[in-house]
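Peer 1: Below, each chain spelled out in residue letters.
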Amino acid sequence: MNFQQILLVLKREYVTRLRSRGFIIATILIPLGMIAFVGAGIGIAVWDTGSEHTIGIVDQTNSLYPRLEELAGERYKDFSATTEDSLRHMVASEQLDGYILLTEAHVTLQEDPEYVSSGAGGISLQSRIRSDLRQVIRDERISRASVSEEVQQIFEADISLSTTKLTEQGEATEDDTGFLTIVGLVMGIIIFGSVLGYGGMLTRSVIEEKTNRIIEVITSSVRPIELLLGKMGGVGALALSQLVFWLASFFALAAAAGPLAGMMLGPEMVPGGEAAAGNFNPDSFAMPDIAPSLILYFLLFFILGYLLYSSLFAAIGSAVDSETDTQQFMFPVMIPVMIGYFIMFRAMENPDSTLAVAGSLVPFCTPIVMITRIAITDVPFWQIWLSILLMIATFALTMWLSAKIYSVGILSYGQSAGFKELWKWVRE
Amino acid sequence: MAVIEVKDIAKSFGKTQAVRDASFNVEKGRIFGLLGPNGAGKTTAIRMINHILIPDAGTITINGLKASPRTQRMIGYLPEERGLYKKMKVGEQLIYLARLKGLTHGEAKEKTRYWLDRFEASDWYHKKVGELSKGMSQKIQFIATIAHEPDIYIFDEPFSGLDPINSKMLREIVIELRDRGKTVLFSTHRMEQVEQMCDDICLFNNGRVVLKGDLRRIRKSFGKNTIVIEFQGDSSFLDRIENVRINNRSTNFAEIRVLDGQDMQQILKTAMDHTEIYRYERVEPSLTEIFISTVGEDNINPNELT
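Respectively, the protein sequence lines represent chains A and B. full-length UniProt numbering applies: residue 1 is where the first sequence begins, and numbers increase by one. full-length UniProt numbering applies: residue 1 is where the second sequence begins, and numbers increase by one.
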């Protein structure tokens, strides 16, 4: 193997793509697109809670409606003076989302309340109504039961959870699990997207050399394995450059965000006026720290994931004659990526579950799942290193397979190979 | 001295034997034609010489060295399936391809400039290949093949798809290279090109070498047993002549190979009885005729020859 040749191929692959307008635009637009995407998600959530429902209450107990009004006044309206027939009519004509008739029997738990609706609101509304009713009926019963003040306080006690996380050094830090979960998720999604995006780019790049018919000119100077490694390296270097650019601009923005927000939010804009402004701390806008080791693991799994999948994507490119024929091979490669992607969401909720641990040790899912776990929780060292070793071993295998397929595939024109032919090439 | 020495090479793809026990030598300073119908094994043999494919058996030496990445650099190769990176600029592309052949960046740039100048194509240096016309990119392709100025040039079906101007240019380049002491090997299934240019030939059929050697000597050995006749009138008399094979027949022309040593004057008489003769000549057989008589009429598909 001639390192010089690999380097030449790598450089061409890297430089021509780096300079292409498409790459520059994508590098800038993808983060903007992601921000817009998240923003749209938040926007929808905000807009959605704004569309409230109105539930009519016919209160024959005279004690439940005031409690409901106190609890969630915007949702319930007193219709005690209205007849049930006209309420039915209002619901049917959708002036009202629904109504509930509350009687003594409900307070004494002899009957369950009935919610009559036009179907608007769905189950989330129903569950909110259920919990509201549960609370007001319980409160009403407690106050009627003439229990002692102490017991009443016990029931009214509102418990919130404050969280503290112990680091390896044993010092307690403020828990950023929420923040780190998002970081882990974003990292997993970036690896997921890059594996597919850059893998696809490599496939197209291999097909391009076949359809351009330049491949034979190149192979009269370069060995197929050198060409393959050069191409994988070039596209990989491109992926890494893009990632480093994103990371750098992210940290630069994060560092600037605190002071900027502090400047923009003048005293008059801070709730509580000037008095509060004195206590305003710009640091509250800065992000919690991301450990350098997490960044290193991210880069490591990014590279390993790219290598593992790109070797397969390159083989796919060499086996087919045109881009439209890639489907049958793409499918089996996509499945493990998708599985990893779904396990990542489970790992986000419960990073130490059996599924998350197993998923993070399966080499084809490791890069996506493991980075999410590492971000959220302290993954035992042996798991991290086992997963890395397994990935390297798997990569050695896929690279060997890919080199076999690639060296035959690039010179077979005219038709796309099937799985049977690929197997033949591998055995040759 | 043999620049390319091919000895008993064989290559199979699955059950298909593309090349079997083929041996031939290409001498320095000669134009060597590799001939045969489509699918005879020419491209496979050429790919093995270029070390793109590895023979299952046999040996190939280039300038005394076993075929390897090192010998690849001694060869300028124009494949039958050829192309360039469409999105890359002409200059960059030529430099890249020359560097893959082992030139330094400086050398590659110098050669690229020189050859672009020679082909009056300096203006294209900064143009993308995709913006060039077909004829233009063919020129760039030649430059890519020869820019590193190797000793050996291999062209696989070089004339297929060329426009007449580039065809003429390529012919001139090939002759010029030979005159400068370089060695040229090219393959073709079009016999008339070989007759114009080749010093030596090697005939392939079904993966085997069926005939090889100095073209002039081969033709002489077949003797002047072929008649070229041009006439005006009813050509049906040709069908009544026995024991001949008629190639290149048209309404007023025929190339007649006389098979059993019959009197050629008799054929002339028959022709004179039926038509007006413009031209009658006894010549050495054409390569097409030589090819057919070597492999036997039954062993070839006439549609594969032109």
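If you're looking for bench data, these hints aren't it; they were derived computationally from the structure. Remember, predicted model here, so these are calculated numbers, not experimental data. Idealized CB from N, CA, C, for every residue including glycine. It is possible that some hints are incorrect.
Okay, the calculated bits of chain B under chain A, using three or more residues with CB under 8 Å as the criterion [as the list claims (entries may be wrong)]:
hint : stretch
1    : 64-73
2    : 85-91
3    : 98-110
Peer 1: Against this structure, judge whether each hint is valid.
Peer 2: Hints, verified against the model:
Coverage of the stretch 64-73 of chain B by chain A holds [criterion: at least 3 residues with CB-CB distance below 8 Å; count 3]. With a cut-off of 8 Å between beta carbons, the stretch 85-91 of chain B has 4 residues touching chain A; three or more are needed, and the interface restraint holds. Figure legend: the stretch 98-110 of chain B, annotated as covered by chain A; annotation consistent (3 residues with Cβ-Cβ distances under 8 Å, at least 3 required).
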